[in-house]
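Q: Here the protein sequences line up with chains A and W, keeping their order. Following the numbering used here, the numbering of the first sequence begins with 24 at its first residue and continues without gaps. Following the numbering used here, the numbering of the second sequence begins with -12 at its first residue and continues without gaps.
Because the hints were derived from the structure by calculation, they are not lab data. Hints may be right or wrong, so weigh each one.
[To be verified] Estimated spans, in silico, between C-beta atoms of each pair:
(1) A:400 - W:172: 46 to 52 Å
(2) A:493 - W:170: 39 to 45 Å
(3) A:357 - W:136: 29 to 35 Å
(4) W:136 - A:434: 51 to 57 Å
(5) A:741 - W:154: 54 to 60 Å
(6) W:170 - A:306: 53 to 59 Å
(7) A:721 - W:80: 55 to 61 Å
(8) W:48 - A:400: 23 to 29 Å
(9) W:154 - A:400: 52 to 58 Å
(10) A:432 - W:98: 37 to 43 Å
(11) A:432 - W:145: 36 to 42 Å
(12) A:721 - W:48: 56 to 62 Å
(13) W:132 - A:622: 42 to 48 Å
Quantities reported herein were computed from a predicted structural model and do not represent experimental measurements. Built from N, CA and C at the ideal position, the CB exists for glycine as well.
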Amino acid sequence: MLVAPKLISDPSVPYPGGPAGPSGDRRVVLRLVISPDGAVREVTAPDSEAGDAVFAHAALVSARGWRFIPATRGGVAIASVIKFEVVFRDDAARMAASANTTVGNAPAGPDAVTVPTRSSPAGAIAGAEDVVIRGEHGEPSRTASLTRAEVREIPGTFGDPFRAIEIMPGVTPIVSGLPFFFVRGAPPGDVGYYLDGIKVPYLFHVGAGPSVIQPGLVDRVDLYPGGYPARFGRYSGGIVDGEAAEPGKELHGEYNVRLFDAGGMVETPFDDGKGTILVGGRYSYTGEVLSLVSSGVTLNYWDYQGRISYKLTPRDTLSVFAFGSYDYLGQKTPTGTDTLFGTEFHRVDLRYDHKIDGGNIRTAITGGIDTTDLGDGQSVRDRMVAMRSELTYKLTKGLLLRAGSDVQVDSYDVLLNVGQVSAAEASVFNAFPSRTDLETGVRADVVWSVAPRLEVTPGIRADFYASQGATAIGIDPRLATRLALSKNARVLTALGIAHQTPSFVLPVPGFQPGGLPGGLQTSVQESTGLELDLGGATTATATVFHNAFYDLSDALSVLQPTTGGCAPGTFPTDTIAGDRGTQPTGTGGGCGVNRFPPGTLGPDRSGGGGQAASSTSATNAANAFAVRANGQAYGFELFIKRKLTSHIGGFLSYTLSRSTRTFGGQDYIASFDRTHVLNAALAFDLGHNWRAGTRFTFYTGLPRAPDPTDPGSTRLDPFYRVDLRLEKRWSIPNTFLGKKAWVSFVAEWLNATLTKEAIGTSCTLSGCTETLIGPVTIPSLGMEGGF
Amino acid sequence: MRKLVTIICTSVLAACGGSSAGSKPVVPPCDLTCQDQIGVTGAREMLKLIYNLGLQGQPVGNQDAMAPCPLGGSAHVFGTASSNAVQGSTTVQLTYVLDQCVYDNVDPTTPTQNYALTVTGTFTETGTLAVQPSSTTALGITGTDVTISGTVDDPAVMYDAADCALELQQNGNDLSGTICTRSVGVSL
């Protein structure tokens, strides 16, 4: 029996050339020679016309890196020749982006298998397929984009597309493995997360857990670190945008079983393909695993996804997309379990898409609940309902309008025991009252091909905010340009202003400060980049950026590392236990010796020398939460990628940056500034369906407090780690479903070097040492499969 | 906020199977003696804070300073003080007038020592303050019409010593005496 080859790698084909290339839809038919090992031995575009050379080139470059389950005859892998038809769609609007790739016919070669054409009546051989892929004309403000298939090859991501955020340029981790990031100097609370246009409070299960969305449902993750399109708003930092996979045209599914959780998803069409239904989810048995090593901790999480899409008419589609996530961290006691932390969120999005000539209209309504449980009867709940409408319309050739409006109402129910915590913590709790907030806005931009080589996207959005009687308006102009220097080189610029209501230090469900204290946060974001197609499925982007922040609520960065960090027997002069009659040294007030000048009164250090622990830390934290700082971030980003699904693929992501804050009349380096952040990964095909990958991560240590015993040291020790990944894949030609399938054994190890990370300095009378955490390491063994 | 960060870090460790968090120890309830111990510790820490904020580093001699309590309230401290920088000691004869002075200690590593107290009253402090270890603190502290109220311990227990007399002696790190006529002793 003859079985056609099946594409298993990322089929992405970037929309080529930007404005330099011809716009509009194009079709390119490729002729692929596929080896028995599944690699593409040869690829040509024999029928491409001269005017389509740019598209043919893009398709050829991408196809060279594709991988297949090889064709088989009688169960034996053989070489094959097939045709692929790649359809490019001019989708500067993104949402219209898709390209169909069809396995078609090929003339028989010496070792070739003859596959009937798709249009042939005899064409329905086993395995003939339609593969929906993306062909995208990217946004100038987007610095990095990774498909799900590529993310699978990156060690340390565990196949989660959203985990790939941390390797993108401009992203600075707080702590290795912890999925909270500074993006071009903007704190984690100012980074917005979207899935298919729906805002979500967070993306990852508790701690270093996996993403809250089944990986198979996420088609691609884009990072917009600044100057983003007008459709993104109400965040003054970066935007992480996950795009859900388009509804599949045939039954498909995938699953994974790992040491700590299991998940899967399946999607099937119905009613002759008019509709599709998808269900998926993940369940963690981490609690059971932890019980084997630590009886005191309970950790659970699960998530679910469901989607039904139905084409009412060729122009009208109705969809429901529901998803949610639950996390729980508790500590067992003799009488029960104390809740340390519990969160959950749920979203239901009902959307109606109507195609019009030259565009598309989407109307959607979203309901959601966010809950955070802090134990002891304390909780925060946010019930939200939102409506949005979106229009994409091609006004003329070369002029695309994208507009929309939305309104969101959030009802917060807050139960916090303010009377049972310290005054400092109570002041923080009081920032989260029960209330109802309103946000609404309108936005529009146009993608304008001003000249064959120049594309300009001016845009603007206006947002209105109301909370506890306070109101604010944010006007956010945006401007992006794309200038093609040549077929393979483009200059991209992005400029924008963004506003956001005061934010909590970390994105925690329901923890949104009420009353707009201090007004809106504002950022001015600008960047200029050079994008190069280097050939051989390799692209490079080099970008310089500058972000200015005003009235930033960034409690993490305004806490200067001034406490501790002093020489043995000395104390910071700006703390209440320090000697204040001495000469300050260094920044932040410096350190004082443990004696005092003659003629002055010495300190009272009876009872151990220090003051009560929280009097400084809690007060500082409370103050930090309330203060608003200015700041800026600037730097250089480099991202070089050879498709990770190639025989040998990889990437290098490097960020050189400086992030500063201005607060209390002082200018200083932000607490989480890291000068160098480097991620490099290599994925290679070992043959016989073995793939291996390794990733190296390095970043500069955090700023450290002044230390007179080591005055030259201004940073904590740098951090590095190595992640490993090994995969063995088997293809199953025929399953009980009559479909080809695959199954993989995957071993993965985040931080195989077991490196500990310095997060601060701890001083005692006997000396100062760096405070280390970890090693945060996550080994994983699992099986993955799909059909 | 600190709790959230702590929790997140804890969860990271937990996810790695390396959590150091074990079962929460069972602790006996904090009785009145226990409450008094924490109460006088808080009052002593409060005087120390006011001194360090208001007088430390000032020239020797007569003292008269107003010091804000960082978490609310105010304090007026006056009297005389001298010092011996070689020995690292300061001799004081000071009066503290506290008005709704708020202070707290919330340390997750020693939750049984936690408190959030508001103190009002007049205290006198006589003796030697030491920069350890080259000299030893030796103090007498008396208070009249002192009110110490708030919470002590974790889980928090309401504490209220109203209009009390306070008689304390500190020798080194040992603090002992009476509060509201009840004996109390604690090591700082």
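Q: Any hints from earlier that this structure breaks? Give me their numbers in increasing order, please.
A: 1, 2, 4, 8, 9 and 13
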